[in-house]
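Asker: Sequence:
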Amino acid sequence: MRFALRATTIAFALVVSALGSPALGSSAPPLKLATASLVSESRAAVQSGAVDAYFASLSGALDDAIKGKAPKVATKLAATDAGALALMQWRLLARIGPEVRLDAACADCLGWLLADPAALAMFLGSGEPAAGKWPEAMRVLAKVAAAPAHREGLALRLSIATALIFAEPVKWMADGSLIDPVARVDNFLKWDAEGALFPSFRDLSAWELRFVVGSWSSDSDLVWARANIKAELKERAKVGEGAHMLAYKDTNPSGVSVQAGGKFYDNKPMTLAIMLEYGGVCGAISRFGTSMSQAFGVPAMPVGQPGHCAFIWQKEPHAWSINNDISGWAESGCHAGIFTPWGQAAWFMPLMQQAQSNAKGFVAAELLLVAAEIADADDRAAIAAAACDACPQHYGAWLVRIGASKAQDFKRMQKDLTAAFARNPAAFAELYNRTTPASGGGESAETKRAHAAASAIAAMAKGGADAGLSSFALLVVLQESAARIAGGDGAAAARALVQGGAPGNAKLDETKAREVAQLALSCADLLDVAPTGPAHDAWTQAVHRAVRGIVRQPAARASGLKDIEQGIAVLMKKDRATDARWLADRVVDAAKEAKDPDLESRAAALRNSLG
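Letter by letter, the sequence shown follows residues 4 to 614 of the working numbering.
Think of the hints as simulated: they come from the structure by calculation, not from any bench.
A couple of the hints might just be wrong.
What the hints assert, rightly or not - Derived DMTMM-like pairs (lysine to aspartate or glutamate); straight-line CA-CA distance at most 25 angstroms:
hint, residue 1, residue 2
1, Lys241, Asp269
2, Lys252, Asp206
3, Lys237, Glu197
4, Lys595, Asp540
5, Lys79, Asp66
6, Lys577, Asp588
7, Lys136, Asp119
8, Lys595, Asp566
9, Lys233, Glu171
10, Lys146, Asp55
11, Lys146, Asp189
12, Lys252, Asp178
To be verified - Simulated restraints on C-beta separations:
hint, residue 1, residue 2, range
13, Leu192, Pro534, 48 to 54 angstroms
14, Ala533, Lys75, 20 to 26 angstroms
15, Ala82, Ala380, 19 to 25 angstroms
16, Ser43, Ser324, 45 to 51 angstroms
17, Thr535, Asn611, 25 to 31 angstroms
Idealized CB from N, CA, C, for every residue including glycine.
Could you put together the complete structure from these sequences and hints?
Answerer: Encoded structure:
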C-alpha cells in the first residue's frame with residue numbers, strides 16, 4: 004500500500020509516553036482520587052514547584068485503583084468525574100515530560116489546565132500534536148492562552164488548535180519564515196468579530212480548527228485571499244474552487260520550468276498574489292485552493308497523490324471532500340509538513356472527523372486507553388474493548404484492543420469492525436487483516452476469510468461508502484490472503500496478481516496462480532451487488548485489477564481467461580450486455596499490454612462476439 008501507517012503512532016496510538024514518568028507503584032504517598040483534592044493539590048504542586056512529587060503521588064493512586072483489579076473497576080473509574088480528571092492529569096504530566104513540568108514559563112498555564120477538566124479534555128482529545136511533540140505543544144499553549152479570555156469558548160478552541168499544530172513551527176510558504184502562533188490566534192479572533200469569516204467557523208471543533216490555523220500562508224496573504232477571490236466563489240460550498248483561479252503553467256513567460264523552484268517566480272516570494280500572477284502546476288493550484296479555503300475559516304490541507312498534489316477541504320461543514328483530484332481517497336496521503344491522525348493515509352481524516360463527532364465518546368475512549376496501559380496485561384483487551392464501545396471509530400482504540408486480544412476473540416471482533424467502519428471500508432480492511440491468526444489456515448480458510456471481508460465491503464459500498472476506498476479495502480484483504488495461499492517465494496507474485504501487476508522476477512506455479520486468480524475474481528464478484536453507484540464502481544475497479552493481473556502473469560493466464568469468459572457469459576445471460584462488453588474491452592486492453600498476438604486475437608474475437 005502506498006501510504007503506510009505510522010508505526011510509532013499505531014503501535015499504541017494513545018498510550019502515555021513513559022519518558023519522564025515515574026514508575027507506577029512509586030513510594031510517594033498516594034493521592035486521594037477526589038475531584039476537589041485533584042484540583043487543589045495539583046494547583047499547590049505547580050505553585051510550589053513540586054509537580055514531580057505530585058505526579059508520583061498521582062501515579063501511586065492510579066496504580067492502587069487499577070492494577071490487580073478486574074477490568075470493570077478501571078472502566079467504572081474512568082466514567083467518574085474524579086477518575087477521568089486523574090487519568091487526564093496523569094496523561095498530560097507524562098506527555099509533557101519533566102522539563103516542561105518544571106518550566107516557570109508554563110506554570111500558570113499548567114496550573115489552570117490541570118484544574119479545568121473541560122479544557123484539559125479538549126487539549127488531550129483533539130488529536131496528537133504535530134510530530135507527537137507534547138512538550139512543545141504545551142509551551143505554545145502557555146503563550147497563546149496566557150490571557151484568561153483565551154481560556155473559554157472559541158478563543159480556547161483556537162488556542163488549543165494552534166498549540167497542537169504549532170508544536171512543529173509552521174512556515175510561510177512564500178519564504179520559509181516562521182508564522183507567529185500568538186498573532187495567528189489574535190487575527191482569526193479579530194476576523195471572526197469583523198464578520199470576515201464564514202459563520203461555520205464558529206462551529207468548528209479544536210481538532211477541525213487545526214486545519215485552519217495551520218495555514219502555510221501569512222496572515223496578510225489570508226487577508227489578500229478574501230479581497231481577491233472571485234465574487235461568485237465567495238460562498239461556503241464554492242470557496243475551495245478558488246484553486247482553479249490559478250492558471251496551469253509549467254513554464255513562466257521566460258521559459259523557466261516550474262521545477263526550477265524560486266526561479267520560476269523570478270525569485271520573488273511565493274505569496275498568493277505572485278502565485279496567481281505566474282500560475283503553476285498541481286502543487287501551486289492545491290496550495291492556493293487550500294489557502295483560499297482557510298482564509299474564510301474553512302478547514303483544508305494539501306494531500307499527495309501518485310505524481311500529483313491535490314487538496315482536501317470541508318466543502319460542507321464537518322465533511323471532507325477532495326479537490327484538484329486525480330487518484331481519489333485511496334491513493335491520497337499526508338503531505339510533507341502536515342500531521343494527520345493514526346497514519347499517513349488521507350482517509351484517516353474523514354475517519355477522525357466521524358470519531359470527533361462524538362467528542363465525549365472520543366475523550367472517554369482515550370481515558371480508557373490510559374487505564375488499559377496502567378492495568379495488568381491480561382486486562383488490557385477488556386478495557387480497550389470498552390474504549391471501542393465508547394467511540395467505535397477510534398482507530399487507535401482498535402489497534403490496542405487487537406494487540407492485547409487472543410486469537411479466539413478475533414472472529415467476534417470482525418463483526419464489530421464491520422459495524423464500526425461501515426463508512427470507511429479502508430479502516431475496516433486494515434484492522435480486519437490484523438484479526439487473522441498468524442498461522443493462517445490454507446486455501447480454504449483464506450478464501451473463506453477473504454469472501455467474508457468482500458461481502459462486508461460490498462454492503463458498505465452499497466450503503467454509500469466511497470467506491471475507491473471500497474475497492475482499495477478489498478485489495479488490502481486480497482493481498483494478505485493471496486500471499487498466504489502462495490506462501491514463500493510465491494507471495495510476491497501472488498500480491499502482484501491481485502494488484503493487477505506483472506510477477507517480475509517472482510515465481511508462482513500454475514496451481515497456486517489458479518487459486519489466487521479465482522480468489523481475486525470471486526471476491527470481485529461479491530462486490531457486484533448493485534447496477535449503479537459506489538458498489539458497481541468498486542466492482543469495476545476490482546474486476547479490472549483481476550483481469551490485468553491474470554493476463555500479465557503467464558501462470559494464471561490459461562485458467563484465468565476461461566473464468567473471465569464464463570463471467571462474461573453470465574453477464575450476458577443476466578441482460579447486462581453493457582457490463583459484459585466493458586469487461587471484454589478490459590481483456591482486450593490487457594492483451595495489448597501483454598503484447599501477445601495470439602492473446603490479442605482471442606480477446607478481439609471475444610469482444611466482437613458480443614456485438
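Asker: Each of the hints needs a verdict: does it hold here or not?
Answerer: A quick look at each hint next to the structure:
1. Lys241 - Asp269: Violated. Lys241 to Asp269 sits at ~31 angstroms, over the 25 angstroms cutoff.
2. Lys252 - Asp206: Between Lys252 and Asp206 the Cα gap is close to 37 angstroms, so the pair fails against 25 angstroms, i.e. violated.
3. Lys237 - Glu197: holds (16 angstroms)
4. Lys595 - Asp540: With a Cα-Cα distance of about 24 angstroms, the restraint between Lys595 and Asp540 holds, given a limit of 25 angstroms.
5. Lys79 - Asp66: Roughly 15 angstroms between the alpha carbons, so the hint for Lys79 and Asp66 holds.
6. Lys577 - Asp588: Between Lys577 and Asp588 the Cα gap is close to 18 angstroms, so the pair holds against 25 angstroms.
7. Lys136 - Asp119: holds (22 angstroms)
8. Lys595 - Asp566: holds (19 angstroms)
9. Lys233 - Glu171: violated (33 angstroms)
10. Lys146 - Asp55: Roughly 22 angstroms separates the two Cα atoms, so the pair holds.
11. Lys146 - Asp189: Distance of about 12 angstroms is within 25 angstroms: holds.
12. Lys252 - Asp178: holds (21 angstroms)
13. Leu192 - Pro534: 48 to 54 angstroms: For Leu192 and Pro534 the Cβ distance comes to about 52 angstroms; the hint holds.
14. Ala533 - Lys75: 20 to 26 angstroms: For Lys75 against Ala533, whose Cβ atoms are near 43 angstroms apart, the range 20 to 26 angstroms is violated.
15. Ala82 - Ala380: 19 to 25 angstroms: holds (22 angstroms)
16. Ser43 - Ser324: 45 to 51 angstroms: holds (48 angstroms)
17. Thr535 - Asn611: 25 to 31 angstroms: At 27 angstroms between Cβs, range holds.
In terms of the numbered hints stated before, the structure departs from hints 1, 2, 9 and 14, listed from lowest to highest.
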